[in-house]
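Novice: Each chain is listed here by its residues.
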Amino acid sequence: GENVEQHPSTLSVQEGDSAVIKCTYSDSASNYFPWYKQELGKRPQLIIDIRSNVGEKKDQRIAVTLNKTAKHFSLHITETQPEDSAVYFCAASPGTYKYIFGTGTRLKVLA
Amino acid sequence: DTGVSQDPRHKITKRGQNVTFRCDPISEHNRLYWYRQTLGQGPEFLTYFQNEAQLEKSRLLSDRFSAERPKGSFSTLEIQRTEQGDSAMYLCASSLIWEFDTEAFFGQGTRLTVV
Numbered sequence: 028g029e030n031v032e033q034h035p036s037t038l039s040v041q042e043g044d045s046a047v048i049k050c051t052y053s054d055s056a057s058n059y060f061p062w063y064k065q066e067l068g069k070r071p072q073l074i075i076d077i078r079s080n081v082g083e084k085k086d087q088r089i090a091v092t093l094n095k096t097a098k099h100f101s102l103h104i105t106e107t108q109p110e111d112s113a114v115y116f117c118a119a120s121p122g123t124y125k126y127i128f129g130t131g132t133r134l135k136v137l138a
Numbered sequence: 018d019t020g021v022s023q024d025p026r027h028k029i030t031k032r033g034q035n036v037t038f039r040c041d042p043i044s045e046h047n048r049l050y051w052y053r054q055t056l057g058q059g060p061e062f063l064t065y066f067q068n069e070a071q072l073e074k075s076r077l078l079s080d081r082f083s084a085e086r087p088k089g090s091f092s093t094l095e096i097q098r099t100e101q102g103d104s105a106m107y108l109c110a111s112s113l114i115w116e117f118d119t120e121a122f123f124g125q126g127t128r129l130t131v132v
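Residue numbers (this note's numbering), protein chains in the order written: chain A, 28 to 138; chain B, 18 to 132.
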């Protein structure tokens, strides 16, 4: 069935270092891959997304890469700041316009 | 329009009682989704609507759960005969989709506690 695996579940980095979160999806029909950030007690908010016809997308300190052959996609955050601390969720849309979410990565940026 | 709103924000109910939650999506959005989120997990898909039509319902969803979107605007999610395992955050999201997937905007959720 439709499944998205996300690793690691927790990640601690020093301020200024980079953070990488990886996801794997199961449904080869998936064609849209959003990443959401959820701060404690708040709603998930989109930070970046990528479509299957693109291999990489950047937005300032955030980038996402997609390997369709391997069914992998990754979030890269450079020059991390304390305000980047949150839970990050990847998701995949298996062509039916619903989003299947990963289990989340709790990122802690240590000052 | 300040985004997706959900009501109530918190609900405590006794086991066996029925509860109903409301979601008001962003006004021009044609898609509406319900998700459930438990502590330490990602949002779990429950169901979604295209306008007033319910297009898919998760196989994991018990018959005690029902959702409606009668006029293609707001939606309600009802849980009958609540169980302690129903305790979770219930998130609503909406999006505007024609040919391609686009961003789903989430509400702040309704936190349900079944005691």
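If you are wondering where the hints come from, they were derived from the structure by calculation, not from laboratory data. Each hint should be verified, as a subset may be incorrect.
[Unchecked claim] Lysine-lysine pairs mimicking DSBU-like chemistry, simulated, CA-CA at most 35 Å apart: (1) K95/A x K31/B; (2) K31/B x K85/A; (3) K28/B x K64/A; (4) K98/A x K69/A; (5) K69/A x K95/A; (6) K135/A x K88/B; (7) K69/A x K74/B; (8) K98/A x K74/B; (9) K28/B x K98/A; (10) K84/A x K135/A; (11) K28/B x K74/B; (12) K64/A x K31/B; (13) K31/B x K49/A; (14) K74/B x K84/A; (15) K95/A x K74/B; (16) K28/B x K135/A; (17) K74/B x K49/A.
[To be verified] Non-contacting residues of chain B with respect to chain A, defined by C-beta distances greater than 10 Å in every case (computed): (18) V21; (19) D24; (20) K28; (21) R48; (22) F82; (23) S83; (24) A105; (25) T130; (26) V131.
Small disclaimer: the values here were computed from a predicted structure and weren't measured. Cβ coordinates follow ideal geometry from the N, Cα and C atoms, glycine included.
Novice: The structure should be examined with respect to each hint, and the outcome stated for every one.
Specialist: Okay, the hints, checked on the actual structure:
1. K95/A x K31/B: At roughly 47 Å apart (the allowed maximum being 35 Å), K31/B and K95/A break the hint.
2. K31/B x K85/A: violated (48 Å)
3. K28/B x K64/A: holds (25 Å)
4. K98/A x K69/A: holds (30 Å)
5. K69/A x K95/A: holds (31 Å)
6. K135/A x K88/B: violated (43 Å)
7. K69/A x K74/B: Holds, at roughly 26 Å.
8. K98/A x K74/B: Measuring from Cα to Cα gives roughly 25 Å; hence the hint holds.
9. K28/B x K98/A: violated (39 Å)
10. K84/A x K135/A: holds (24 Å)
11. K28/B x K74/B: holds (23 Å)
12. K64/A x K31/B: holds (32 Å)
13. K31/B x K49/A: Given that 35 Å is the threshold and the Cα spacing comes to 40 Å, the pair is violated.
14. K74/B x K84/A: holds (32 Å)
15. K95/A x K74/B: Holds: K95/A and K74/B sit about 27 Å apart, inside 35 Å.
16. K28/B x K135/A: Status holds; Cα separation ~30 Å.
17. K74/B x K49/A: holds (28 Å)
18. V21: violated (8 Å)
19. D24: holds (14 Å)
20. K28: With a cut-off of 10 Å, K28/B remains clear of chain A, as the shortest Cβ separation is near 16 Å.
21. R48: Violated: least Cβ distance 7 Å, not greater than 10 Å.
22. F82: Holds, because the least Cβ-Cβ distance between F82/B and chain A comes to about 16 Å, which exceeds 10 Å.
23. S83: For S83/B, whose nearest Cβ neighbour in chain A is about 18 Å away, the distance exceeds 10 Å, so it holds.
24. A105: holds (14 Å)
25. T130: holds (15 Å)
26. V131: holds (20 Å)
Comparing the model with each earlier hint shows violations of hints 1, 2, 6, 9, 13, 18 and 21; every other hint is respected.
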